[in-house]
Amino acid sequence: MKNIRYIISTIAILMHQVFLMAQVPVPADNQQNPIMLVGGVAHLGNGNVIQNAIIAFENGKLTIVADAATDQTDRSRYEVIDISGKHIYPGFILPNTQLGLQEVSSIRAMSDNSERGSINPNVRSIIAYNTDSEISPTLRFNGILLAEPTPTGGIISGTSSVVELDGWNWEDAAHTVDVAIHLNWPARMTRRFDFSTFTVKREPNKNFDKNVHELEKHFNDAVSYSKLAVRPVNIKMSAMSGLFDGSKVLILHTNDPKGIVESVKFAQNHGVKRITVVTGDAAWHAREFLRQNNIAVILPATHSMPSRADADYDFPFKLPYLLSNAGVMVALSHTGMLANSRNLPFYAGTAVAYGVDKEEALKMITSNTAKILGIDNRTGTLEAGKDATLFVSEGDAFDFGTNNLSHAFISGKAIVLDNKQQALFERYSKKYGHSK
Amino acid sequence: MKRNLFLFLTVVIFSGRLYAQETFPRNDVLDKRENAYALRNATIVVDPETTLTDATMLIRSGKIEKVGQNVSVPAGYTEIDLSGKFIYPGFIDIYTSYGLPKLEQSQERSPFGRGAEQIQSKTKGAYNANQAIKSEYNAAEEFSVDTKSAETWRKQGFGAVLTFRADGISRGSSAFVTLGEETDNKELLKEKAAAQYSFNRGTSRQNYPVSIMGFIALLRQTYMDAEWYGSQNPRPFKDQSLESWLQLQSLPQIFEANSWLNTLRADKVGDEFGKQYIIKGGGDEYQRIKEIKATNARMIIPVNYPDAYDVEDPFDAENVSLKDMKHWEMAPANLAALESSGIRFAVTTHGLKNKKDFIPNLRKAIKYGLSEKSALAALTTNPAGMVNMSNHVGSLRSGMIANFLITSENIFAEKAIIHENWIRGRRFRLKDLDTKDQSGAYELAVGDTKYNLSITGKPGSHKAEIKINDSTDVKVDIKLSGELITMSFEPEKEKGRIRLSGWDTDTPDGKTKGFAGEGQLADGAWVSWTATYISEAEQKEEKEEKEEKEEEEEDKKPEIGEVIYPFVAHGTSVLPKQETILIKNATVWTNENEGVLENTDVLLQNGKIAQIGKNLSSANARIIDGTGKHLTPGIIDEHSHIAASSINDVATNSGMVRIKDVINSEHINIYRALAGGVVAVQILHGSANPVGGQSAIIKLRWGSAPEELKIKGADEFIKFALGENVKRSRNNNSIRYPQTRMGVEQVYVDAFTNALEYKKAWDDYNRLSAKAKAGVIKPRRDLVHETMLEIVEGKRFVTCHSYVQSEINMLIHVAERFNFHINTFTHILEGYKVADKMKAHGAGGSTFSDWWNYKWEVRYAIPYNAAIMHNEGVVTVINSDSRETGRRLNQEAAKSIKYGGMSEEDALKMVTLNPAKLLHLDDQMGSIKTGKSADVVLWSDNPLSIYAKAEKTIIDGIVYFDLEKDAGINEEITKERARLIQKMKDAKKDGAKTKKGGSPEQIEFHCDDILGVARFVEFR
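Listed in order, the protein sequences are those of chains H and V. Note that numbering that gives the first Met the number 0 has the first sequence beginning at 0, numbered continuously upward. Note that numbering that gives the first Met the number 0 has the second sequence beginning at 0, numbered continuously upward.
Residues on chain V that point at chain H, a partial pick, calculated with CB under 10 Å:
| # | residue |
| --- | --- |
| 1 | Arg729 |
| 2 | Trp855 |
| 3 | Lys897 |
| 4 | Ile945 |
| 5 | Thr973 |
Each computed DMTMM-like pair below joins lysine to aspartate or glutamate, with the alpha-carbon atoms no more than 20 Å apart:
| # | chain 1 | residue 1 | chain 2 | residue 2 |
| --- | --- | --- | --- | --- |
| 6 | H | Lys205 | V | Asp315 |
| 7 | H | Lys430 | V | Asp835 |
| 8 | V | Lys995 | H | Asp193 |
| 9 | V | Lys992 | H | Glu202 |
| 10 | H | Lys317 | V | Glu970 |
| 11 | V | Lys948 | H | Asp356 |
| 12 | V | Lys854 | H | Asp111 |
| 13 | V | Lys478 | V | Asp505 |
| 14 | H | Lys257 | V | Asp312 |
To give an idea of the interface, some chain V residues facing chain H are shown, with a C-beta separation under 7 Å as derived from the structure:
| # | residue |
| --- | --- |
| 15 | Arg671 |
| 16 | Tyr863 |
| 17 | Glu883 |
| 18 | Lys995 |
Because the hints were derived from the structure by calculation, they are not lab data. A virtual CB, placed ideally from N, CA and C, is assigned to each residue, including glycine.
Can you make the complete structure from the sequences, with help from the hints?
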């Protein structure tokens, strides 16, 4: 066992040196040998915790998830890693992100997230996903191992996919291709900067009806198209058909309680099988509707400002609690500066500070997200048969002082956690003679 | 077309004849008249203090000749009997642009947009260097009578107005004119009546200034420039704007502020230059009445109360803020608040969408507590006095201009009618004066059919109906016009209308009373009709009851909520007080050598930390149990943009602008930061320029006025900036110097070199004897040079927005060349690359925890930056630059534990003691030490843990945030909102206008995106 630790750390050091020369760490090789993590506190992502766990996986799949005290497996064929006192989590999932589509937002040439036109269901994020984004390794460093690169803009922004945050190219990184179509529900209120008062004025949107009618036509056409025995070639129409057979989820974006109700009813009336809403504070007012219709929500960072001037100061902090307590399934996401999406674990931590049970909060960045994206058969929890996408942290992964990863695996591949940022830390600490 | 031309000519010729003037060519025989009138038996309101009953007023040639109770009427006067009527002085509006050409509207576009900047003024000619200084403008030169517009004012009782052009910060001079229809020569009473100013650059698109603090700086500089310019003869060059500016200084100075915040700001500018402005307010003065009173300014106040929002739908109602709801409720009480504080004010129609609302709105103000006397003064004597026209208008005394109104009753009574509005002795009839009272019961005979006709109501607004039987009445449409009457009614449903036209048949002796005429039946047959007066009309009992009830309601002063401080949700009507507080048994993070003390007590007394120890007791202290909790020094944010009304101006060197001029105490983000344990912030200027504006350091004393937020005696700081933002990297069309980091250095070298030359010029001048001084030209005071000089002389300290190592290195060199130190590099994301140089120079580093890659110059930003700088011995701070991280700075600091393995105590110091050091406040803040300011936070947990909440945030021994009370505050907000939503709904039901939409949002300022505006306009 000691041997194995030695081998692994040697590999780590070797890789470390490799990445120092490269832009991003070298993608990991496929899992060769069965690996067993012993003695950690396993947070399964389904609400359960195993205090002293055995987690084993081979060929990229979990084979054993059990209590170490009762498990009788012969450990000799495994690379055994003792992680006593550490914590194991399923890889965190970052939904609704521009990761890999946008690198430096202020530079037009570095943005591939928003196509022109307002109805773009046929536009697919997967083919623009850049596995060499320098942002990705910094997310992995904090436990985010899967993401949903998502097109933005227009009314129907495009189709998103789920990727693993390791791979030589997008084919390699693809976890599940074309999982969701994203739709920005027209806003009822427009916002305009007013110089005379230096405030943002909000007025009723004059184009609201027009935009809804446009959507109405598009969906009617798509429904008719999907029923044709022989379908003429139409890229936009065929891109929509997954919504009606349940193979794609329709993700609605709106931050207005009426928008939530309208857009969900709109989708239901057009026979869309799976629906989720990306929303914020507005979900509170629509919670009963969401619960009754069994609609999950993807919330922005808990580290956000309340959207209303009069709101409780801690409204975004406690929103995950308020909604989950009301029976609505919640997943957490990130909004704003892309590089900051690495703080997803801490968003869950804040949800805990404001009422959510720790294991429930874990679901909000693992299994709930997987269910929403329709990838829960493969990932989101630590259960035998699922992908071995998980990591080991020195302590509580939701808190700053203890989110400290020692190992991370994506489908069994032992990925490199350090990146450019750790290298620079090392380089300059050395230059100044600081002891690290 | 021809017809129109004919009409036009007729009007011209006609008015030419009527209003012939001595020097004008005549196109008729001479027709000169005295226009002498005697208005008799009226109640004459001479001025707000004096009312004469049964009095007479003589008028001749446009002037008041005599007013009194025993005035005999000489021969040659047209007598008008005004028994029962009232005469008032004509109203005066001193805030209008009447009779001036419409301004060409050019769309205000973002100064941070994609176009090339306009660096110079586009005003042609020898005028001021800044296009927003338009002192040369003289409204009298452009004034011309506008009959259509004059009528709208006359209908509301106005007889004279002050008119100015609303363009620019210095808007030149206004003219005082009457609202008649004679020649411009006659209506213009006084040119250059007042000088006009504003915080609005108007049509200027010059790139500086764009912010309120820039407007203030430009005004201050212009006062100085004018003084310098005016002291020289001959002038150093021609600047006709400054020339006019000098001339205008002796006039009344009127400043358009439009809000209480800007009123306080304008007044401060005035104080500096010995000017007491007359200030045009915003109708929100009641929100800070004490501070408004302290300005001593006379005010011009609009009565444009906001419409209610349509809040029928509870979801829609969520878009309306408590602030807007409360303002909707309280705005009508504003004038009463001004009156009871003893502030002198005039009222204006300015800001009203429809002038028809003016008198009703003023009556509403009276209902809300304004005295009629004050209301009248605000319409007459006050405005007249403000523009030095008291000898001509505003009251009814002999020799004054004959501007007056004839009204049916007390003008402020709900149903009072303005019959006539006389302007300079010319009569404008609005509603017939001698309308007859035709009310009564009549027998109406239409052919052979007889009806019981009843005419009710008051003269001028009669109503009529026909009684068919005891239970059925038929409404009659009735129109009385002089001697003529028109009526129509439908005696039986769907049987067609009977239409009657006729005339008054009253005899002068009063013996016969009634009407007669011809009419047409429903079938078209013509018929004669008569109506014979029988008796007085029966007033319906229920109607009376209803009216009585209405009257009662009208008399009752409406109930309104309380003013809260600040005037936004989470404000309170009673501010928290300083307390003696004993926190028992807490884990105390001292930030001193003692480190973290377990189970320790801390006593706060007189706003200071009085004692730290175990088992402390204090007789009258409020005890707070700190068991299981953590007490830390309050968090200080070295780099914040909350609580200011503007953040960026855009001159390359904006050293003259000051955030302290634009502190906004009404930002909800103050409360939200308090809830995150923040006690003080440095509000920095943005980063659009190598030399940004001067910063302000405030404590988050929620509820206090802007001036009270400032930390008194704190050192002065200024913002510098380097890199992408100052070279306008996001604007491909930018032409502003500098465009490269090379140019940035030159900007500094140039600015400091100039400042030293400036100093030399002044030193040379000051060394001269008084006599010698008289013989030379005094140097010009220059706010930019003065600021730069303060930096070189160590009186002002630099916080520099910086990213990459080359530019950091550069600025250190520039500073050392001019012998001063850069106090703080802020952002400093590549500080880790030059930490040794920073340390050697003595600069601190104030950085983000983990931001990177949002623009090119932060590609190499790493979350270990703070740890490396700290390890190298640089005083290191974690700042926010964001309202969001600004309320979780303890968490942002905690990230250095993860990234770089910093100790918890050192991490906490990065947001407490270290910022106190960089702001030179560590002698009074930043640690828990006896004698320091009682600025502490009690946390539910270890403050570096994500699970910790601030439970109490205490500043100067005053609990400004209390988690226990927060829930109660939220409940209060919900209740108050519910009350106001109900009230808005009731108002809508009662027919009040409502608007859709939501309350405006305060934008987020964020220096790194150049400006909140830019962020909004360009990137969302």
